[in-house]
Amino acid sequence: MEGDIAQMGQFIGAGLAGIGSGAAAIGVGHVAGNFLAGALRNPSAAGGQTATLFIGIAFAEALGIFSFLVALLLMFAV
Amino acid sequence: MATEKEGGLVFHPLDQFIVKPLFGDGAVHWYTITNVTLWLALAVVAIVALFVIGTRGRAIVPSRTQSIGEVLYGFTYKMVEDVAGKDAVKFFPYIFTLFMFILFSNFLGLIPMSFATTSHIAVTGVLAAAVFLTVTILGFVKNGTKFLSLFWVSSAPLALRPVLAIIELISYFVRPVSHSIRLGGNIMAGHAVMKVFAGFAAIAAISPIAVVSITAIYGLEVLVAAVQAYVFTILTVVYLKDALHPAH
Amino acid sequence: MASGTETTADAAQGSSGMPQLDFATFPNQIFWLVVTLVIIYFVLSRIALPRIAGVLAERQGTITNDIAAAEELKQKAKEAEEAYNQALAEARVEAQKIGAEAKAEIQKELDKAQAKADAEIAARAAESEKAIAEIRAGAVESVKAVAKDTTKEILSAMGSKADAKAVTAAVTARMKG
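Chains as they are written, first to last, in numbering that gives the first Met the number 0: chain A, 0 to 77; chain B, 0 to 247; chain C, 0 to 176.
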């Protein structure tokens, strides 16, 4: 460790922010899994809801991307 | 991160996003022709090639390029009609422009050594801001002050409504932020991750794993490129529906 | 942390940090983006989309026409089949009629022939009966004559004079019994 303490803080923070990506993955999996469960119960209604599925996945994934962005900012921009 | 080798493992995952002039080394003025200009122009060329040159036959039985264009047209048209209703169809060219631009930029950005224009917050921010402004102005022009009922949830108990109104208001203004960062962040993340793995490939011991990983991530990125274009478009359509029919 | 990463971070910081946050390039990107979007919008809305919409509408029209034509042809085929079926049924009825007529004619002729044959047979039978009756009558006569003669001979042989009249009466009585 030859960097200063602030840089160490940046890297630790970036790593912690990376956890958010995993959390977003849980969220996306939850959305897709519940969609599949519902779709298997009522397959005729599933076709019309794929747009909703993608919107849900997009919202869940956006937050993961935010955490990734925070990590990137800590690594390269701060 | 990987262990240090004697040459030093150097990561430049974000260098691919640097905007630089195409000719010479000067400063980047607003009119300078840069790599951004080149890849935006290539997106235009691709779109013209598919939709103008590809459909010039106007064949009843379509050629291959023409049927691709028709599928994209039909897909987007149906999406606008299904989600936002019949009266949103007159905004179809606007939405189709956004969709095609993002789709082609995403795919062009996936070409090795290319420049992903949609990975830049400046680009996606302009797109999202354009959508946000259009939708907000359209909402007020079409519905007047009734557009504000979007924030006043009339189905909730009266005591909760002010709180919900604040939440709705915040979420409304966060829309362009998340809208732009979702697209830019996804594309940037994919490209940066690929670059990081490409850096790993320099180490002989793990280079096979790295190359396989790059291949896998590339496949994922192809999917992400299409899905993010679709998501951006469908969110635009959903916002448009909110503007045209603000009642919940 | 590897020092390589640090140098990267330093280098990145040295140049511009994240390229996405290098605000000096924003006017350039936004300008060219707006130019691009305007070009795409005009190309799509003026040339491509009307053309594709036209092609789709035309195809829809062609398909509708073709379906209508196919429907018409189907109708025609159905009519033709009906006409064929009708003709077939008519032919069948005709054939049955002809068959029945022929059968009736044949029956008539057959009846006639049978009647003729019956009459002939009857006539022949009557003739035969008559002949038989004659023969039988002849036979009875002969027997009577023979019996009379025989009786006469026997009587004469026995020495008594035969009374012709009595013999005849006796033979006739015997013959009846």
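Among these hints, one or two may not hold up.
[As the list claims (entries may be wrong)] Quick list of in silico lysine to aspartate or glutamate cross-link-like pairs, EDC-like style, CA-CA up to 20 Å:
1. B:Lys-194 x B:Glu-167
2. B:Lys-77 x C:Glu-57
3. B:Lys-19 x C:Glu-140
4. C:Lys-129 x C:Asp-148
5. C:Lys-164 x C:Asp-148
6. C:Lys-107 x C:Glu-126
[Said to hold, decoys possible] Simulated DEER-style distance windows between Cβ atoms:
7. C:Phe-22 x B:Thr-133: 38 to 44 Å
8. A:Ala-22 x B:Val-44: 39 to 45 Å
9. B:Asp-24 x A:Ala-45: 21 to 27 Å
10. C:Glu-70 x B:Val-152: 31 to 37 Å
11. A:Ala-22 x B:Lys-85: 35 to 41 Å
12. A:Asn-33 x B:Pro-161: 51 to 57 Å
13. C:Val-34 x B:Ile-136: 34 to 40 Å
14. B:Ala-164 x A:Ala-36: 16 to 22 Å
15. B:Phe-74 x A:Ala-45: 24 to 30 Å
16. C:Glu-70 x A:Ala-22: 57 to 63 Å
[As the list claims (entries may be wrong)] Anything over 10 Å on all C-beta distances counts as not near chain A; from chain B, calculated:
17. Gly-25
18. Tyr-30
19. Leu-41
20. Asp-81
21. Ala-129
22. Ser-153
23. Tyr-171
24. Ile-180
25. Met-187
26. Val-210
27. Tyr-229
28. Ile-233
29. His-244
Note that these hints are calculated values from the structure, not bench results.
Yeah, the Cβ is synthetic: ideal placement off N, Cα and C, and Gly gets one too.
Verification of the supplied hints:
no.: 1; hint: B:Lys-194 x B:Glu-167; in the structure: violated, 39 Å
no.: 2; hint: B:Lys-77 x C:Glu-57; in the structure: holds, 18 Å
no.: 3; hint: B:Lys-19 x C:Glu-140; in the structure: violated, 161 Å
no.: 4; hint: C:Lys-129 x C:Asp-148; in the structure: violated, 28 Å
no.: 5; hint: C:Lys-164 x C:Asp-148; in the structure: holds, 12 Å
no.: 6; hint: C:Lys-107 x C:Glu-126; in the structure: violated, 28 Å
no.: 7; hint: C:Phe-22 x B:Thr-133: 38 to 44 Å; in the structure: violated, 25 Å
no.: 8; hint: A:Ala-22 x B:Val-44: 39 to 45 Å; in the structure: holds, 41 Å
no.: 9; hint: B:Asp-24 x A:Ala-45: 21 to 27 Å; in the structure: violated, 56 Å
no.: 10; hint: C:Glu-70 x B:Val-152: 31 to 37 Å; in the structure: violated, 53 Å
no.: 11; hint: A:Ala-22 x B:Lys-85: 35 to 41 Å; in the structure: holds, 40 Å
no.: 12; hint: A:Asn-33 x B:Pro-161: 51 to 57 Å; in the structure: violated, 32 Å
no.: 13; hint: C:Val-34 x B:Ile-136: 34 to 40 Å; in the structure: violated, 22 Å
no.: 14; hint: B:Ala-164 x A:Ala-36: 16 to 22 Å; in the structure: violated, 34 Å
no.: 15; hint: B:Phe-74 x A:Ala-45: 24 to 30 Å; in the structure: violated, 18 Å
no.: 16; hint: C:Glu-70 x A:Ala-22: 57 to 63 Å; in the structure: holds, 59 Å
no.: 17; hint: Gly-25; in the structure: holds, 25 Å
no.: 18; hint: Tyr-30; in the structure: holds, 27 Å
no.: 19; hint: Leu-41; in the structure: holds, 26 Å
no.: 20; hint: Asp-81; in the structure: violated, 7 Å
no.: 21; hint: Ala-129; in the structure: holds, 19 Å
no.: 22; hint: Ser-153; in the structure: holds, 23 Å
no.: 23; hint: Tyr-171; in the structure: holds, 14 Å
no.: 24; hint: Ile-180; in the structure: violated, 6 Å
no.: 25; hint: Met-187; in the structure: violated, 8 Å
no.: 26; hint: Val-210; in the structure: holds, 23 Å
no.: 27; hint: Tyr-229; in the structure: violated, 6 Å
no.: 28; hint: Ile-233; in the structure: violated, 6 Å
no.: 29; hint: His-244; in the structure: holds, 16 Å
Violated hints for the displayed structure, listed by number in ascending order: 1, 3, 4, 6, 7, 9, 10, 12, 13, 14, 15, 20, 24, 25, 27, 28.
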